[in-house]
Structures are given as C-alpha cells and as structure tokens.
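> Spelled out, the chains give:
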Amino acid sequence: MDLKESIAIHVNGDLRHVTVGLTLAMMLHELGLDARKVAVERNLEIVPRGTFEEIFVRDGDRLEIVHFVGGG
Amino acid sequence: MTVQQDIKSDTWTVAGRTFTSRLIVGTGKYKSLEENAAAVEASGAEIVTVAVRRVNISDPNQPRLTDFVDPKKITYLPNTAGCFTAEDAIRTLRLAREAGGWNLVKLEVLGEAKTLYPDMRETLRATEVLVKEGFEPMVYCVDDPIAAKQLEEAGAVAIMPLGAPIGSGLGIQNRVTIRLIVEGANVPVLVDAGVGTASDAAQAMELGCDGVLMNTAIAEAKDPVLMARAMKSAVEAGRLAYLAGRMQKRRYADPSSPLAGLI
Chain A
1078 MDLKESIAIH VNGDLRHVTV GLTLAMMLHE LGLDARKVAV ERNLEIVPRG
1128 TFEEIFVRDG DRLEIVHFVG GG
Chain B
952 MTVQQDIKSD TWTVAGRTFT SRLIVGTGKY KSLEENAAAV EASGAEIVTV
1002 AVRRVNISDP NQPRLTDFVD PKKITYLPNT AGCFTAEDAI RTLRLAREAG
1052 GWNLVKLEVL GEAKTLYPDM RETLRATEVL VKEGFEPMVY CVDDPIAAKQ
1102 LEEAGAVAIM PLGAPIGSGL GIQNRVTIRL IVEGANVPVL VDAGVGTASD
1152 AAQAMELGCD GVLMNTAIAE AKDPVLMARA MKSAVEAGRL AYLAGRMQKR
1202 RYADPSSPLA GLI
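Chains as they are written, first to last, in my numbering: chain A, 1078 to 1149; chain B, 952 to 1214.
To be clear, the hints were calculated from the coordinates, so they are not data collected in a lab. Because the structure is a prediction, the values reported are computed rather than measured. Glycine residues also receive a C-beta, built at the ideal position from the N, C-alpha and C atoms. A hint or two may mislead.
Here are the simulated distance ranges between beta carbons [to be verified]: (1) A:L1092 with B:K1083: 33 to 41 angstroms; (2) A:L1121 with B:S1150: 40 to 48 angstroms; (3) B:G1052 with A:L1092: 30 to 38 angstroms; (4) A:D1136 with B:T964: 35 to 43 angstroms; (5) A:T1128 with B:Q1013: 50 to 58 angstroms.
Straight-line alpha carbon distances no greater than 30 angstroms define the calculated DSBU-like cross-link-like pairs of lysine-lysine that follow [stated by the list, open to error]: (6) A:K1114 with B:K980; (7) B:K1024 with B:K1183; (8) B:K1183 with B:K1100; (9) A:K1114 with B:K982; (10) B:K1100 with B:K982; (11) A:K1114 with B:K1023; (12) B:K1024 with A:K1114; (13) A:K1114 with B:K1083; (14) B:K1083 with B:K1100.
Please take these sequences and the hints and turn them into a complete structure.
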C-alpha cells in the first residue's frame, strides 16, 4: 500500500485530503484536538472513544467532530 | 433549624441524582467565558446546560467552556437546541453521551424558528427512542398538562414546560397550566424558558415547581453576575414561600391590628 496516496474525506462538512493509513486518533492529533474532549461520528454512526486507535479513516468518510459549547 | 439549614436540607432528585440548588442555568450568550463562569458561580447552580457543536478545525486552540466551568464540579446537561426533528435531536444526544459519558440530557425539539415552540409530536417520539437507548431525558415541552403526562409515561425523568417563548423574558404566561402540570407530575417539574427577572423565577417556585432553568435572563442582564445572584435568591424565596404555604386571598381588607381596645 502506498502511504503517500491520499483519500478524500469530509470533516465537519469540509472536504479534506488525508494520507491513507491514518487512524482516527492520528487524525485528531494532527488537527490539534484532544481526543478526550470530543465525540466523533463517522458516516452517521458514533465511534466509541476507546476505538480511535483502531479505526482507520477511509476514502469518502463523513466525519463529524463535536464538543460542548455554551448554550441554553 | 435556621432558614439557611432549611434551604440546604431541601434537596430535589432527578433520575437518582440529588441536588441542593433548584436553579439550572444556561451557558450561552455571555460576553466572555470568564463572565459566564462568574455568573454560574454567583447563581449557585449545580447543573448547567451546554450545546453540542462542531469543533472549530481551523482554530482548535480557542478557549473552551470546560476550561472555565469544570464538568467535574458542575453537572453538564447537554441540550438539543437548534434541532427541529426527533432524528436530529437523537443524533445530537448520542454524540453528547459519547463526549461526556453521561445519560442525563435535556431534550428539546423545536417546531419553528419564530417562536421556538416545541414540536410535541417529535418531542414525544424522540423521548421514546432515547429512553429505549438508556438516556435519561429532561424534556422541554409546552405548558400542557396532557402533553406533560404523555412525556412522563414515555420515560421523561423531568418535565420542563415553557413559561414563555425561549429568550423572550416575558415571564410565566399561564400559571394555571404550570400548576396543573406540577399537581399531576410524579417526576420533577422545572419551568424552562421565558423567565425575565427575579419575580418570574420566584413565581415558578411558588407554583410548586421543583426548579427553574434559565439562560437569557441572566446573560442579557446589564450585570449578569448580579442578576445570577438575584435569581439564586428568587428561587430560594419562591421555594420557601411554597413550603410555608401562602395565606388565602380575600376580596376585601382585613385589619392586622386588633380592633379591641381602640381609643
């Protein structure tokens, strides 16, 4: 597998190109996000935090990364 | 027993969690996170509502609510503000549960943007699904005793009727229906939305509500921290008045000084 090959994914609605072979944990780290403070939905399914190290980002994935903000 | 001790021992319980403060405050619309934290502190609230939103990928290091209001000390109650369908609300709360790790949530499914009135058909449907999935939803609803009962039967752990539209500050518009909901409920009832000033909060408590939830009344006050303190006092005052049992109303005057011995 060519690790330099890139895939297209959507993160919070925006198109991004990332390298093949990236786990969710690696991607969150690259984005500068603390995995303990966010929740991730992948193709409309919740990704349990405990599996971030094992789940690889795949071409066409639609990811939502959320956290708590002020609200009433 | 002193009044202060009375207030401390007068707790309420929702879904097995016991709280002393009967005031729940929102964390939206503040000028800064510092001001927000100071208002929460002044309100004495033990629960705050929070929203679930996308992280800002382009600026991941901007200050976070969790750095100012500690989720270990204050219970975060994730809401579904901005959701107009049961599906959106359920999806949001599944993410909230994963982000926070708790089941106690606030469900609101709105019907339209102008009034932000709840869509009760969608709200009831979402409640049923959430309860099946192990959530403990505190549910924002219309001030309708029948709808409240249906939510309770569906497994809502608290009923939260509006006093007036969200963010309107108009005060409790229908005291009769709020009282009827309180009388009929076997779960906590909290007025959620519509409170504008301290007397509105006191009135909710005098009607027998277990608590009050508010955001804008504090956040949009000229001095939010001072208003937070006022709301704390108002909720306590209203609660004490409810417990004390108010006098009966009379149609005409009744002198407070004895008539006997008049010169």
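> Look at each hint and say if it fits the structure.
Structure-based check of each hint:
no.	hint	in the structure
1	A:L1092 with B:K1083: 33 to 41 angstroms	holds, 36 angstroms
2	A:L1121 with B:S1150: 40 to 48 angstroms	holds, 46 angstroms
3	B:G1052 with A:L1092: 30 to 38 angstroms	holds, 31 angstroms
4	A:D1136 with B:T964: 35 to 43 angstroms	violated, 50 angstroms
5	A:T1128 with B:Q1013: 50 to 58 angstroms	violated, 27 angstroms
6	A:K1114 with B:K980	holds, 22 angstroms
7	B:K1024 with B:K1183	holds, 18 angstroms
8	B:K1183 with B:K1100	holds, 29 angstroms
9	A:K1114 with B:K982	holds, 23 angstroms
10	B:K1100 with B:K982	violated, 38 angstroms
11	A:K1114 with B:K1023	holds, 13 angstroms
12	B:K1024 with A:K1114	holds, 16 angstroms
13	A:K1114 with B:K1083	holds, 26 angstroms
14	B:K1083 with B:K1100	holds, 18 angstroms
Violated hints, listed in ascending order, are 4, 5, 10; each of the other numbered hints is respected by the structure.
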